[in-house]
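*Asks:* Listed below, chain by chain, are the residues.
4 protein chains.
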Amino acid sequence: MAQQPTFTLKALNAMPRPAAAAALAEVFERAPWVAEAAGGGVPYPTLAALHEAMMKAVRGAPAARQLELIRAHPELGSKVARADLTAASQSEQGALGLDRLSDEEYARFQKLNAAYRVRFGFPFIICVRRHTRDSILRQFERRLANSVAEEQDTAINEIGLITRLRLCALIDGPGKPKTDGRLTTHVLDLALGRPAQGVHVALYEIGGSARGLLIEAITNADGRTDAPLLTNAPLRIGTYELVFRLAGYFTDSSRLFDDAVIRFSIAEPEAHYHVPLLVTPWSYSTYRGS
Amino acid sequence: MAQQPTFTLKALNAMPRPAAAAALAEVFERAPWVAEAAGGGVPYPTLAALHEAMMKAVRGAPAARQLELIRAHPELGSKVARADLTAASQSEQGALGLDRLSDEEYARFQKLNAAYRVRFGFPFIICVRRHTRDSILRQFERRLANSVAEEQDTAINEIGLITRLRLCALIDGPGKPKTDGRLTTHVLDLALGRPAQGVHVALYEIGGSARGLLIEAITNADGRTDAPLLTNAPLRIGTYELVFRLAGYFTDSSRLFDDAVIRFSIAEPEAHYHVPLLVTPWSYSTYRGS
Amino acid sequence: MAQQPTFTLKALNAMPRPAAAAALAEVFERAPWVAEAAGGGVPYPTLAALHEAMMKAVRGAPAARQLELIRAHPELGSKVARADLTAASQSEQGALGLDRLSDEEYARFQKLNAAYRVRFGFPFIICVRRHTRDSILRQFERRLANSVAEEQDTAINEIGLITRLRLCALIDGPGKPKTDGRLTTHVLDLALGRPAQGVHVALYEIGGSARGLLIEAITNADGRTDAPLLTNAPLRIGTYELVFRLAGYFTDSSRLFDDAVIRFSIAEPEAHYHVPLLVTPWSYSTYRGS
Amino acid sequence: MAQQPTFTLKALNAMPRPAAAAALAEVFERAPWVAEAAGGGVPYPTLAALHEAMMKAVRGAPAARQLELIRAHPELGSKVARADLTAASQSEQGALGLDRLSDEEYARFQKLNAAYRVRFGFPFIICVRRHTRDSILRQFERRLANSVAEEQDTAINEIGLITRLRLCALIDGPGKPKTDGRLTTHVLDLALGRPAQGVHVALYEIGGSARGLLIEAITNADGRTDAPLLTNAPLRIGTYELVFRLAGYFTDSSRLFDDAVIRFSIAEPEAHYHVPLLVTPWSYSTYRGS
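Chains as they are written, first to last, in my numbering: chain A, -7 to 282; chain B, -7 to 282; chain C, -7 to 282; chain D, -7 to 282.
There could be a bad hint or two in this list.
As the list claims (entries may be wrong) - In silico DMTMM-like pairs for lysine to aspartate or glutamate, Cα to Cα no more than 20 Å straight-line:
{"id": "1", "chain 1": "D", "residue 1": "K170", "chain 2": "D", "residue 2": "E260"}
{"id": "2", "chain 1": "C", "residue 1": "K170", "chain 2": "B", "residue 2": "D214"}
{"id": "3", "chain 1": "D", "residue 1": "K170", "chain 2": "A", "residue 2": "D214"}
{"id": "4", "chain 1": "B", "residue 1": "K48", "chain 2": "B", "residue 2": "E150"}
{"id": "5", "chain 1": "B", "residue 1": "K170", "chain 2": "C", "residue 2": "D214"}
{"id": "6", "chain 1": "A", "residue 1": "K170", "chain 2": "D", "residue 2": "D214"}
Claimed, not checked - Just so you have them, the derived chain C footprint on chain B, three or more residues with Cβ under 8 Å:
{"id": "7", "region": "180 to 186"}
{"id": "8", "region": "273 to 280"}
Hints were generated in silico from the structure; no laboratory data involved. Bear in mind the structure is a predicted one, so any value in this text is a computation, not a measurement. Every residue gets a Cβ at the ideal spot worked out from N, C-alpha and C, and that includes glycine.
Required output: the full structure, derived from the provided sequences and hints.
*Replies:* Here you go:
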């Protein structure tokens, strides 16, 4: 997500149609026809309107063409296919470590990919940037129970989510659709009636098999971290743990908790999750804040 | 702790002095003289008074005799000494797995034992039943910094704690000193204003190197477990985790927490720790209750 | 409610039928026939069974007889009728101050009584011991909207509640139906992790027009009041206020709350309401406990 | 406080000294010499620096002159003195209703004024805008126990607080000293995990003798009131009640609380008091937030 947009919507709107289509050609995986179809709507007032027009072209295309678009996507976690990935797909899958799977994980993905392909005749498509490995595996299993029609719809929807992110990474402009989520916290010391400053906070992703440290921070004078714990990207659906190191904050040894451990689930990648901690040496509360 | 007391205080009070001394001979490790000295105070109105009399005999004994008593105790986690343990010591150390140490742990205990013996000239004594492995190791390291006089006092105090437990296991009677702790919980559903029935609760001991499941239970109609999570013994000083399985209680998938994880510390083995959970799908609170 | 039961169920079961009927004659207002009808079921294993049998006799009686029973009840708050009240009715109405109404309140009751009598042709019956003046007035207004049949049912149900209480006051024995409610509290100091001892607690009944102090108490070492705040009677449906005097407990002047004021509603007279307070100088929580 | 500043600090700095002194003449009650003395420091970078310079002139003045300044202030709540009040004093006292005292209150103020004048020989001075009637009476009684020297200091400090407010009302410019407090709230529905929208909130001032409604508001989609409950002025030291009308928010009749009543104390007029409510139909929490 660190990469800067390449050009502005204003610039795009000013381009001749073939140049505009070329500029958008890689947004939809190996499907420059989508960009071409959307060219008719220039000028677009917002990025959301542009993306909507492109999705309308997809949804309005003949079933065979939609299927071709779906089939143009790589299998998830496929070693064989790796050399052949588009740059965008490679970056999306790499961020989740799907290009560095253990043999066991690779085998599980292969098995699911195979079952899925047999059942539906096209690869499993999911907007990887909105998921953890665990939630991808859960989706994989759940979606295997869908009918072919349902699943084709689901695949098109996921392509919508994927391309919305790609478009926002490529172009700067007004009316950007909301693609980012945010995770924040706030620690209040209820024994003293003021923000708890200097509390060490660590955020972990809790996977079925492993637990990864995502970020550490120290609360400031307002009891918050200087920056959100997660931001500037969709939150990944999954399970997380916030560990507040109370032993380093309450200097008196008389207390019930050395750590306040908050294990929670993120279900909405584009939402703001505010998870505060109200704490004394002998109690704490947490909740979905706002 | 399942073992039944062998006789009553009333019976002891009625015994001829030599029989009484024989009955109590093994309470203090290889030191029948303590029981003999305490024989003068018969009849004892309470078990607490009897134990106090025995400890008074120990504390009033010449320094050399106290040292001899201290030296009669086995080293902790010592494989070499194992064959030679009294039955009481063997049972106490076995409950903590100190007779099944890994090679690495065995090496750590050996190193601490050696350092301790060099510094103080007697074995490290601790009332094992009040500790987890982690808290024993921490005590070991802390006590290495004591002066010899302080440490001799500490050893006698620990012998007091050990023998108080042995006495209560051996004899039934009034005025039993408080040796048991208790851990209980209570789950209230604040969204419905009533006890949360059917919540799966698991209690883990959290060690430096490992995590052991101690007990699982399901909350009843009053939101409590049918029996205390821990009882009928001293609580072991250490760190624990209560995991409340909320995903199985809140049937609607819309919630922030699949589990409420409460990591807490026990510092007082003879105390009652009540750790309730006040919960909704989007919040929880916990505290030291009463 | 302080009055002691006059005889036991065992004694009643042993009485000749006419004596038993005489002993129960005043349970149903001016309707000795109910007691006579119930005489056939002797011996009764429980008080609940006895009361159930009497109510079955009432519900099985011809409509005209039921109406006669309903009409035998006095009007609420009627000064005119006062001289003529049975002792039981007088005590029930007196406890709520219905015999000491202000002229304005008297006028309001008169107006409702008149409207009710015109609409239904019988007096408004309610189990006064389960209500505050406010909830009686609310019920009065609500029930005016009932159909005659609904209201006759409601009156019989209320007679059931009234006579259940009278029966339990008159007879001692097993299987007493649950007629008592209970209000308790518990104050925990979350800054110190222990019960808050010495907190002054006052309970008020909050009426539409006035506010009456019901009881004051001081929390003990366990953070509870020595006795329930309300007990040994049905709780009266209505609004209450618990005022915890924190200014006398937190000696440091630095705090947000001098009083924790908890205004709450009681809707179930026979239930246990546990209303705890979790408090620090800068926060408090309350909830329906168990 | 609605009145707009008359001129800017920049304008003041540009004035000839006599004009500047004239412009500031009424800031200190009948003491134009303070403004004259402060004229030497022109230009002032900030309003705080200007006020500091004026207070330095006061504190550096001979004792007799300070006493004269103190004596130039009117007595509080004095009917006799009323015709003679400066416009500033009249507005300050009027906002608190000190010009509309009942006979009883008037008598109490007169008695305190008399006792104070006998003891100290000058009128009781307090920055009225930072107080409720109750806290003024409490201060009055407390300060009667001071020594004359302590009380003279206190009077000068209060003059500092009074003139700081007058200066900020008169002049616009950078470096305004913090004279305003703020009271805000936030209602979160913990049963639904989102802000509670549409909750009616009423704020009352709770006096020893009376209770006055200050403001009513409805929570918005973020669970907050559109504007702070109190702002743009110092908060008045005293006791307040926030009443959240839960009966209008929780539509189901099954609940413990019709209102969440939060009685709290404000001790720091220039602070931000954030008093949130975390609520379900069966529980609520409140605390000093940030």
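*Asks:* Each hint needs a verdict: does it hold in this structure or not?
*Replies:* Each hint, compared with the structure:
Taking the CA atoms of K170/D and E260/D, the gap is about 12 Å. The hint holds against a cut of 20 Å. Taken as a hint, the K170/C and D214/B pair is honoured in the structure, with Cα atoms around 18 Å apart against an allowance of 20 Å. Between K170/D and D214/A the CA atoms are separated by roughly 19 Å; this keeps the pair inside 20 Å, and the hint holds. Between the alpha carbons of K48/B and E150/B the distance comes to roughly 14 Å, so the proposed pair stays at or under 20 Å and holds.
Restraint check for K170/B and D214/C: the C-alpha separation of about 18 Å stays at or below 20 Å, so the hint holds. For the hint pairing K170/A with D214/D, the CA-to-CA distance comes to about 18 Å; that is within 20 Å, so the pair holds. Chain C is given as covering the region 180 to 186 of chain B, and this holds because 4 residues of the stretch bring a CB closer than 8 Å to a CB of that chain, at least three being needed. Counting residues of the region 273 to 280 of chain B whose C-beta sits closer than 8 Å to any C-beta of chain C gives 3, which meets the bar of three, so the coverage hint holds.
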